Amino acid sequence: MQAISCRKVCKVFGPAAKPIVALQNINLDIAEGEFVTLVGASGCGKSTLLRALAGLESHSSGEIYASGAPVTGPGIDRAMVFQHYSLFPWLDVLDNIKFTRQIAAHIRERTSAEVEMASGRAQALLQVMGLTDAAHAYPNQLSGGMQQRVAIARALMGRPRILLMDEPFGALDAQTREVMHDLILHVSQLERCTVVFVTHDVEEAIYLGHRVVLMAPRPGRIECEYPVPLPELRAQHMKYTPAFLELKSRIIGQIRATSGIKTDSELLEKLARRSA
Amino acid sequence: MSSPESIGQAPAAPRSVSALGLPPPMRRDHQGLWVIRGSMSSRRYWCLAAIGLALPLVGWFALARFGTVNPVFLPGPAAVARSAIHWLTRGNLLDDTRISIYRVVAGWALSALIALPLGLLIGTYRTIQALLEPLTDFIRYMPAAAFIPLVMLWVGIGESAKIAIIFIGTFFQMVLMMAEDVRRVPMAQIEAAQTMGATRAEILEKVILPSAKPALLDTLRITMGWAWTYLVVAELVAANTGLGYAILKAQRFLETERIFCGIIIIGLIGMAMDQIFRLVHRLAFPWLQTRT
Ligand SMILES: Nc1ncnc2c1ncn2[C@@H]1O[C@H](COP(=O)(O)OP(=O)(O)OP(=O)(O)O)[C@@H](O)[C@H]1O
Ligand SMILES: [Mg+2]
Chain A
202 MQAISCRKVC
212 KVFGPAAKPI
222 VALQNINLDI
232 AEGEFVTLVG
242 ASGCGKSTLL
252 RALAGLESHS
262 SGEIYASGAP
272 VTGPGIDRAM
282 VFQHYSLFPW
292 LDVLDNIKFT
302 RQIAAHIRER
312 TSAEVEMASG
322 RAQALLQVMG
332 LTDAAHAYPN
342 QLSGGMQQRV
352 AIARALMGRP
362 RILLMDEPFG
372 ALDAQTREVM
382 HDLILHVSQL
392 ERCTVVFVTH
402 DVEEAIYLGH
412 RVVLMAPRPG
422 RIECEYPVPL
432 PELRAQHMKY
442 TPAFLELKSR
452 IIGQIRATSG
462 IKTDSELLEK
472 LARRSA
Chain B
146 MSSPESIGQA
156 PAAPRSVSAL
166 GLPPPMRRDH
176 QGLWVIRGSM
186 SSRRYWCLAA
196 IGLALPLVGW
206 FALARFGTVN
216 PVFLPGPAAV
226 ARSAIHWLTR
236 GNLLDDTRIS
246 IYRVVAGWAL
256 SALIALPLGL
266 LIGTYRTIQA
276 LLEPLTDFIR
286 YMPAAAFIPL
296 VMLWVGIGES
306 AKIAIIFIGT
316 FFQMVLMMAE
326 DVRRVPMAQI
336 EAAQTMGATR
346 AEILEKVILP
356 SAKPALLDTL
366 RITMGWAWTY
376 LVVAELVAAN
386 TGLGYAILKA
396 QRFLETERIF
406 CGIIIIGLIG
416 MAMDQIFRLV
426 HRLAFPWLQT
436 RT
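One line per chain: the protein sequences are A and B, in this order.
Taking this note's numbering, the leading residue of the first sequence gets 202, the next gets one more, and so forth.
Taking this note's numbering, the leading residue of the second sequence gets 146, the next gets one more, and so forth.
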């Protein structure tokens, strides 16, 4: 069974007279346990697609299935990590992570052993994410990287089958981001969950993904897909292998082509002409 | 934060700037007097606050002593103080103060009690916003004083009439401000809860309310100030006690020093209440103060 499958999904924003086609005829299948990254020029509908998968945004037509069931709204089988500002600032790190324990939909355990296991899970997640020392800090006392680790831990707390991430490391510096990459790969394998990861960073997309899905703007659509020819277990040095670099330049070239600009000099020329 | 960030910390930048002969990076002095949004030690803050309060007082002294202003228009501080003592010993200053505080707080609390759930709903649901917000916008521009005859007609001339005037003066503004506070809750917090399977009731109770609480408390503090400004209007209604009534009566007999006295007492009570609200704010929301 596919973890996610989209059939002819369309999403139109705005009034009927002046529609913005954010998604046009999206067909996408994602296998269970797969790590898929979505890249594409700004405004090509990556976030819209991810939000539709999460059930936060309704789609205008077509069908979306998650774990075999049609998506009609948010569900606890799909967790989402946002770019920022999604942590609850009035709760400390541990209470943020345990937030799902306050939600009725998550409290299915009946025996005390099961309840205990759930609280053990919060501790385990703290440890995996390297947050043990910060357990009782408030979110605005943390660095951006730590905040995103809390957000990931909180999303994983409810054991989602599918993890949806929208540029979760977009605001982090390069070094922190590399650490987060290895962390998220490690955790997704540990949890054996399916991941859909939106980014505008092609290197990140290749390093993390089993498959890179490239979207194109106006109208938002899936342009092509690239299987990533790297071994399952990733390591930073692979970023400098010819296969990696070749794929990276191909994808970047394709993104440029879809946004209507082929070379840097062409972009500069275009800008110069506009300002003239 | 003292806890070290074991992973994910950028290495410290090499200290080579001065070695290259460049000037050291400018230290930003947060303690300076004119730093934009700078910080300040609480001692210096209170010193400046004392100066700000004392200067007008000194000016008042000087004007009353050396100026040529008729004391009927501007009584000196000594005369006002004498009037206050007279009011306290011969009159019923404490009773007036007590009844006025009661009226203001009751009117304000009643409006808070109704405005809070309404504001939550208006700020959360577009449907309720569309139903109620234009109406509230319409009513809030009506002067509270104009309602006096109606209030007398509807609720009589007892205590409830004074409370009703205070209520009318504060309620409509309060609802709109609270709705705005609720609307300011970041959508990402709400959506995060939605993806964790929270129901609408759970989101209201566990996300929107706690997230908006600091802003709501600020709104309560600000509207308490407004409630006080309606005191004199409220005590126009068949009152024979209260600070506002005393001011009105003093006007009739041209007892300017009594008017000054009443105004200053109202100001002092307001200031004290404001400080209490600020203290509660600091104690209730430690998570707001954790970073400068
Ligand atoms: N709520 C909305 N109302 C109207 N138009 C919208 C809305 N959300 C998105 N759009 C439009 O849909 C298109 C796709 O937006 P989306 O945010 O999905 O792009 P994106 O690929 O995530 O871009 P970025 O890389 O900049 O985040 C854009 O043209 C955007 O203007
Ligand atoms: Mg986006």
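The set of hints was computed from the structure by calculation and includes no laboratory data.
Remember, predicted model here, so these are calculated numbers, not experimental data.
We put the beta carbon where it would ideally sit given N, CA and C, even for glycine.
Be aware that a few hints might be false.
[What the hints assert, rightly or not] Listed next, the in silico DSS-like pairs over lysine-lysine satisfying Cα-Cα at most 27 Å (straight line): (1) A:K471 <-> A:K440; (2) B:K358 <-> A:K299; (3) A:K299 <-> B:K394.
[Claimed, not checked] Calculated from the model, a selection of chain B residues having no Cβ within reach of chain A, i.e. all distances over 12 Å: (4) L202; (5) P331; (6) I414.
For each hint, the structure was consulted:
1. As the CA atoms of K471 of chain A and K440 of chain A are separated by approximately 32 Å, the hinted pair breaks the 27 Å bound.
2. Between K358 of chain B and K299 of chain A the CA atoms are separated by roughly 21 Å; this keeps the pair inside 27 Å, and the hint holds.
3. Distance hint between K299 of chain A and K394 of chain B is unfulfilled; the C-alpha atoms sit about 61 Å from each other, more than 27 Å.
4. Against chain A, the non-interface label of L202 of chain B holds: every CB pair exceeds 12 Å, the least being about 40 Å.
5. Some Cβ of chain A comes within 12 Å of the Cβ of P331 of chain B; the nearest lies about 5 Å off, and the non-interface call is violated.
6. The non-interface label for I414 of chain B is consistent with chain A: the shortest C-beta to C-beta separation is roughly 31 Å, beyond 12 Å.
Going through the hint list in order, the structure does not satisfy hints 1, 3, 5.
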